[in-house]
Amino acid sequence: MSAPDLALLQPVLSELAPQGRTALLPALHAAQDLYGYIPEPVAEEIARTLRIPLADVFGVLEFYALFHTEPVGKVIIHVCNDPACALAGADTVLKQLSRHAEYALETGELVSVTIEQAPCLGLCDHAPALLIQNTPATASPESTWQELVAKTGRRPQTHVDGDLRLLTKRCGSGQTTSLEAYLADGGYTALKKALAMSSTSVIEEIKASGLVGRGGAAFPTGLKWESAAQAQGSPKYVVCNADEAEPGTFKDRVLMEDDPHQILEGMIISAYAIGAEKGYFYIRGEYLNAYHTIQRAVEEARTANLLGAHILGSDFSFDIEIRRGAGAYICGEETALFESIEGKRGFPRVKPPFPTTHGLFGKPTVINNVETLANVPLILNLGAKEYRKIGTEKSPGPKLFCLSGDVHQPGLYEVPFGVTLRHLIFDLGGGLRSDVPFQAALIGGAAGTFATSDHLDTPLSFEGLRSAGLTLGSGVITVFDAQRDLRDVLYRLARFFAEESCGKCYPCQIGTQRQYEILARLRNGQFLPGDIERLQDVGWTMTDASLCGLGQTAASAILSALKYWPHLFQPAQPA
Amino acid sequence: MLTPECIVSTVCPFCGVGCNLELHVRDGFIYKVTSPFDAVVNHGNLCVKGRFGYDFIYNPQRITVPLIRKTPQRPGERTQAFDLSEWREASWDEALDYVADRLVEIYRKDGSHAMAVYCCAKATNEDNYLLQKMYRALFRTNNVDHCTRLCHAASVVALQMAIGSAAMSNTAAEVIENDVFILTGSNPTENHPIIALQMKAAVRKYGAKLIVVDPRRIEMVDYATLYLPIKPGTDVPVFSAMAHVILKEGLYNRQFIAERTENFEAFAASMEKFTPEYAENISGVDRDLIIEAARLYATAKNAAIYWALGIPESSHGVANALSLINLALLTGHIGRRGTGLNPLRGQNNVQGASDSGAMPWHYPGYQRVDVEDNARRWEQAWNIEPGGLSRELGLTTTEILSSVGPGGVRALYIMGENPMMSEPNLNHTRKKMQELEFLVAQDLFINESGAFADVFLPAASWAEKEGTFTNTDRRVQRVRQVIPPRGQSRPDWEIICDLAKRIEKRLGRPQTAYWDYRHPSEVLEEMGRYVPEYAGVTYERLEREGGLQTPVWDRQHPGTPFLFADTFPRGRGKFYPLDYTPNAEMPDEDYPFVLSTGRVLEHWHGGTLTRHSWLDDLFPEPLVDIHPGDAAHLGIQDGDAVRVTSRRGSIVLRAHVTPKTNPGVVFIPFHFREAAANLLTHDILDPQAKIPEYKAAVVRVTKARPEELGARAEPQVRGRY
Amino acid sequence: MESSPVTLTIDGQTIQANPNTTILEAAQQVGIEIPTICYHEHCTANALCRICVVEVSNARALVPACIANVQEGVVVQTHSARVQRARRTILEMLHSSVDLSEAPEILAMAKNYNADPQRFPDAQRREPPVIDDNPMYIRDYAKCILCWRCVQVCAEDAQYTYAINFSGRGYETQISTFFHHAMPETTCVFCGQCVGVCPTGALKPKREWLLEQGHNPETIMQLTRSERRGKKRRANLTV
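Protein chains in written order, with full-length UniProt numbering: chain A, 1 to 575; chain B, 1 to 721; chain C, 1 to 239.
It is worth saying that the hints were derived from the structure and are not from the lab.
Be careful, since some hints might not be right.
[Unchecked claim] Listed below are the simulated BS3-like cross-link pairs for lysine-lysine, each with C-alpha atoms no more than 30 Å apart in a straight line:
1) A:Lys344 / B:Lys660
2) A:Lys95 / A:Lys74
3) B:Lys301 / B:Lys209
4) B:Lys660 / A:Lys363
5) A:Lys193 / A:Lys95
6) A:Lys351 / A:Lys394
7) B:Lys660 / B:Lys70
8) B:Lys248 / B:Lys660
9) A:Lys74 / A:Lys344
10) B:Lys248 / A:Lys344
11) B:Lys205 / A:Lys278
12) A:Lys278 / B:Lys660
13) B:Lys205 / A:Lys351
14) B:Lys432 / A:Lys363
15) B:Lys70 / A:Lys363
16) A:Lys344 / B:Lys205
[To be verified] Covered stretches of chain C, as calculated for chain B (at least 3 residues, CB under 8 Å):
17) 150-159
18) 180-192
19) 221-230
Quantities reported herein were computed from a predicted structural model and do not represent experimental measurements.
Don't be surprised by glycine CBs; every beta carbon is placed ideally from N, CA and C.
Just need the whole structure built from these sequences, with the hints factored in.
Here you go:
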């Protein structure tokens with residue numbers, strides 16, 4: 001193997017060098033784009049230039065699944081086989097593709113291909129989904145990869161519908177809403193309104209709206225802003241968490257790809273409210289389309305003086321740096337995301353202290369999910385009072401649901417909080433795809449809980465779900481018909497967590513692995529006495545004692561399955 | 001998993017930091033070293049030597065039986081005998097009687113002036129106290145010195161001149177309380193590794209600002225706010241230029257100067273010429289860096305200066321040290337926590353050996369030998385007739401060797417030291433060693449000096465005896481016996497007492513100076529009776545309280561973490577006017593490089609211990625550090641054989657091309673007999689401190705043929721980058 | 001800055017403590033022992049092992065006592081059923097993952113909490129081979145419980161040498177040098193701070209390990225230089 005030409009890297013590196021360690025992920029992405037993988041001398045050069053210890057650079061390389069330390073094929077295909085895609089035959093696709101590790105072009109040139117099994121790619125509405133050289137595609141169990149590669153270009157279009165079209169007003173056409181179109185539709189009026197208000201009044205308005213975070217934790221957004229605004233320390237940061245990776249979730253991808261300015265507007269307002277001059281937009285590594293869309297939108301906004309110094313002639317200056325993740329579900333956890341921006345392994349931090357006082361680079365930080373920020377212009381435009389008329393008393397506002405699995409029309413649905421599960425699946429989603437009856441729905445993604453037919457009339461609101469023992473999570477609904485083997489679903493969920501656990505705290509590091517091993521065994525029909533107790537001990541220990549939200553919810557679906565279907569976990573009783 | 005039979009607490013035998021160790025033993029074999037995490041000195045941290053480097057104790061080449069040379073050695077024809085076949089084993093009685101006979105014979109023949117001894121900064125306070133006592137009380141000579149002469153002698157002299165003290169003013173661990181600190185002529189990551197950790201923490205965790213002034217780009221530069229890459233030997237101009245800036249900009253501490261110092265006016269006048277431009281021309285350091293450093297140091301709330309041998313090991317070492325002391329007096333950065341003048345001492349017990357009187361001009365406790373009251377006090381202590389002790393200043397280490405020959409020193413006793421590696425200009429040293437009439441070596445291994453000896457007395461290692469060490473921040477700590485002495489080896493203090501009695505008997509002295517100690521604790525007690533700084537140090541207290549920082553004035557006194565809170569030992573601190581003196585040798589066309597010498601992390605001094613340890617695997621051969629620019633110019637690649645030549649000698653070794661050293665400066669560690677750096681160094685001395693100029697000999701570097709490396713022709717696999 | 005003490009209840013005892021003290025310290029002050037594994041008083045606490053978790057009245061999940069400070073008015077239970085289940089399960093999971101034979105404190109703890117070492121009979125264990133790549137210490141990561149202490153003392157908790165970090169993630173996480181290089185090819189200065197804080201015998205002085213392997217002191221001291229050096233080493237390494 002010849003030594004890599006380090007000179008290729010110099011232009012990028014010399015630009016990144018002044019940033020130091022925080023530029024590590026951008027540098028590694030750039031290097032991988034150049035060399036196809038990160039050879040050792042390249043890692044060494046990056047470490048030297050950014051003044052990072054060698055071992056630390058290796059630690060980072062090893063943490064993120066998208067970075068390769070060994071040569072890979074010229075074409076890389078990521079195949080998702082998490083539950084929604086598995087329902088559509090992803091395992092067959094994976095098997096089929098793996099047969100062809102090398103492919104001859106028509107010219108006769110041989111192209112090497114690397115096939116990687118991937119966690120949920122946020123394309124559940126296009127199951128079975130894959131990424132070919134980072135471009136989304138749909139496969140069928142029959143497809144060969146040659147056929148797939150031949151399909152070029154256009155991103156798969158997500159079906160967008162719902163009782164409301166407030167957040168998704170400009171989504172679903174298959175086109176990105178340009179700045180011009182956004183402005184023509186009344187875009188950035190909320191920002192203008194905000195700039196005319198004091199930052200305190202903006203925060204008051206958000207507090208009054210009752211908006212809570214849409215990433216899964218449902219923390220009141222206004223309180224978060226207020227706490228960061230009042231925190232000692234400067235500079236302050238706002239961060240948009242666009243590391244959408246919860247299996248079954250694709251709402252943030254659609255919002256970013258179809259209507260980026262809505263999110264930017266929300267982010268600029270949040271920066272104004274807390275007094276931040278710099279923001280980071282952290283986008284999941286697999287979402288290359290969204291990354292480019294946001295990049296273009298940020299450039300548009302800069303040109304229009306919606307970002308940069310003295311925004312719209314005000315005293316307020318703010319700009320956004322976009323960061324790509326690199327294949328780590330855990331980086332959706334807010335403190336792990338900070339670590340990632342700082343150029344480290346995505347280990348979540350112990351809380352307290354909370355991000356509002358000790359966030360990114362140890363400074364006061366507001367971090368909000370994409371959908372949360374998309375609500376912000378809406379609130380300022382409507383006013384908190386009008387906004388609260390949407391949804392329920394305790395769960396005001398519109399909510400996006402990602403419907404996938406065995407439904408007739410998978411897609412993104414916007415509804416007011418409080419509609420029933422039945423309404424969503426049957427009225428909006430067109431019911432089940434085949435004539436097979438409904439068995440269960442996984443609500444909230446891998447970290448969520450199962451709902452059974454008993455739950456179909458549960459209102460989809462925080463309070464409604466909570467009283468039914470369910471969680472909303474990030475708004476995922478994956479539907480399973482009665483013929484589906486739920487052990488297989490559980491096995492895939494467990495595998496997902498075992499692969500995505502960061503390994504920091506013991507309950508999750510070992511618990512996700514043990515849970516996975518047991519469920520893999522059960523899936524093969526091998527039962528051991530005490531499996532239920534074993535799963536419960538592991539599950540509750542992770543839930544109770546894990547360091548972060550990943551571990552605390554890694555057993556959530558399995559524990560709910562244990563409650564509803566204990567028979568899945570033991571051999572069939574002789575009649 | 002091994003269960004230890006016992007775990008014994010003791011102190012590390014290598015550097016002056018004085019780390020606390022716990023030795024884990026099984027079947028008389030120390031298999032593990034740990035350190036208590038509550039140890040005030042090192043908080044459980046150790047370096048490679050402390051944690052792994054004790055295995056020399058068990059090295060198969062260690063000598064554990066008294067040896068006498070088979071062939072009688074004659075002055076001028078003395079040879080080195082490394083091979084055991086040139087020695088015969090002897091009983092202790094035979095060996096000690098032989099030594100006593102010969103020493104007394106020479107003393108009777110040639111008198112006190114013919115007698116000299118090298119004490120040892122590796123040995124305990126008690127060992128050193130007894131050895132100097134033996135020479136002073138029995139042979140009536142002050143020709144007693146040890147390797148402090150070769151390390152901090154100029155610092156000690158300067159500190160005594162300016163403030164009347166001779167040690168670190170503050171506790172090493174106080175570095176985290178510095179707001180600003182200057183590190184100069186010191187490479188602590190290799191030489192004081194645990195202090196380096198505290199310095200790194202001071203910068204990274206406690207926000208201190210570090211100024212490094214050094215001709216090598218040492219690792220600490222990575223932690224520095226300012227780095228002043230000084231040319232070797234230009235310390236006085238740089239530090240005086242800082243004083244110049246502080247004076248010009250009015251950043252000096254008027255109140256401190258008025259209340260605590262003297263001679264300010266004369267000093268200030270002498271600083272007039274040291275403009276930053278002047279200093280830049282001489283030192284090569286950018287004038288703006290000098291100005292910035294001056295402001296940073298002067299305006300800090302608490303600032304301290306740390307230095308090691310880059311300052312004193314110079315023909316103008318006293319002036320170098322004074323230039324630092326002047327800065328502290330000028331700004332008042334002394335006498336408080338987190339400030340101070342801190343010479344980092346090299347050896348584990350160089351402070352203690354000096355305190356214990358292993359010095360030619362001082363009795364224990366820095367009591368001048370030429371002061372009548374002092375001599376009287378010690379005559380009384382040692383049962384000596386009035387006027388019996390010599391009032392004459394003794395010879396220093398380098399002078400002892402130089403004086404060897406007819407009418408000079410005839411018999412030399414070396415405890416633990418290795419002048420054949422550590423003296424400058426070794427070709428000269430070799431000649432002098434050859435001229436000795438009688439030489440005794442007391443050590444663990446036959447090293448390059450011991451190989452010249454007539455008699456070799458096998459000493460116990462530090463793990464095989466009881467005693468105390470005094471570390472760099474004046475902390476007296478207990479050394480405990482962990483295993484029985486290997487073979488027939490005996491603790492140094494026992495050997496000395498046994499020998500002293502035999503000598504005393506032969507001399508027929510009416511009264512004994514007293515040698516019947518049952519335990520080293522009685523030795524320390526005797527010393528404490530006559531050395532006020534040690535009056536309160538007893539084994540019982542050390543057992544109970546751990547270390548005690550001298551001065552400890554009485555049994556109740558808690559010890560002294562930092563000195564000079566209210567006054568200096570000499571009263572007022574005295575400023576000294578300074579002038580710039582160039583090094584004795586300056587680079588020229590024939591010898592274009594300046595050679596600096598020093599140590600590396602894995603080795604210790606002449607290598608007697610570490611080259612008999614697995615430590616040697618990590619750094620197995622001598623290397624010369626040369627800057628990539630210089631190497632390219634000479635066509636030298638990393639790993640090439642090169643010849644380094646000075647006016648005094650020439651060695652061949654492998655090049656290590658590294659930006660760690662600055663252009664024009666090469667660095668060679670002095671541990672390796674295969675290419676002894678001190679064959680090249682200059683034996684010119686500082687006129688006041690008598691310390692040689694180890695840090696600045698001029699040399700020529702040329703490519704050599706790989707064959708010239710001899711047994712080292714195959715590159716040794718190095719253990720550490 | 002001195003702040004006024006807070007009052008809380010730990011296992012029924014009402015106690016006062018400085019708000020900067022951790023629950024672990026506060027409990028110790030009244031003689032309540034909370035077990036710890038990864039915690040080391042000279043390392044930055046990271047709350048990894050979660051053995052020290054306790055139930056705190058105002059928290060949904062269990063709280064790591066080593067790092068969580070006391071709070072006014074809370075009720076802390078250090079040995080509730082939830083706490084006991086978590087501790088027992090963590091210990092059982094540790095048993096199923098690594099060789100704890102040289103971690104007597106953890107073994108004792110496991111006994112205390114009735115942890116069944118065989119609870120996960122078909123678990124995939126972490127059993128990498130011993131790394132013997134230098135003359136000073138060996139690394140037996142089959143005993144490594146990932147307490148992180150070695151990585152921390154190699155970095156800001158002591159040495160600032162940064163020779164080791166992690167490879168892999170999740171259950172596959174291991175302590176590793178840059179691209180798995182032999183230790184002498186890294187920035188390691190062989191201070192052995194890592195060996196000093198290792199709680200399970202995963203890091204061990206070479207001579208101790210050789211004794212365990214059946215050598216006696218004499219044969220150990222007669223090993224040749226190349227025998228002492230260990231095996232794993234890049235071929236092209238020179239000076």
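Going through the hints against the structure:
no., hint, in the structure
1, A:Lys344 / B:Lys660, "28 Å, holds"
2, A:Lys95 / A:Lys74, "20 Å, holds"
3, B:Lys301 / B:Lys209, "12 Å, holds"
4, B:Lys660 / A:Lys363, "36 Å, violated"
5, A:Lys193 / A:Lys95, "55 Å, violated"
6, A:Lys351 / A:Lys394, "27 Å, holds"
7, B:Lys660 / B:Lys70, "48 Å, violated"
8, B:Lys248 / B:Lys660, "34 Å, violated"
9, A:Lys74 / A:Lys344, "28 Å, holds"
10, B:Lys248 / A:Lys344, "47 Å, violated"
11, B:Lys205 / A:Lys278, "26 Å, holds"
12, A:Lys278 / B:Lys660, "39 Å, violated"
13, B:Lys205 / A:Lys351, "21 Å, holds"
14, B:Lys432 / A:Lys363, "68 Å, violated"
15, B:Lys70 / A:Lys363, "77 Å, violated"
16, A:Lys344 / B:Lys205, "19 Å, holds"
17, 150-159, "holds (count 4)"
18, 180-192, "holds (count 9)"
19, 221-230, "holds (count 5)"
Violated hints for the displayed structure, listed by number in ascending order: 4, 5, 7, 8, 10, 12, 14 and 15.
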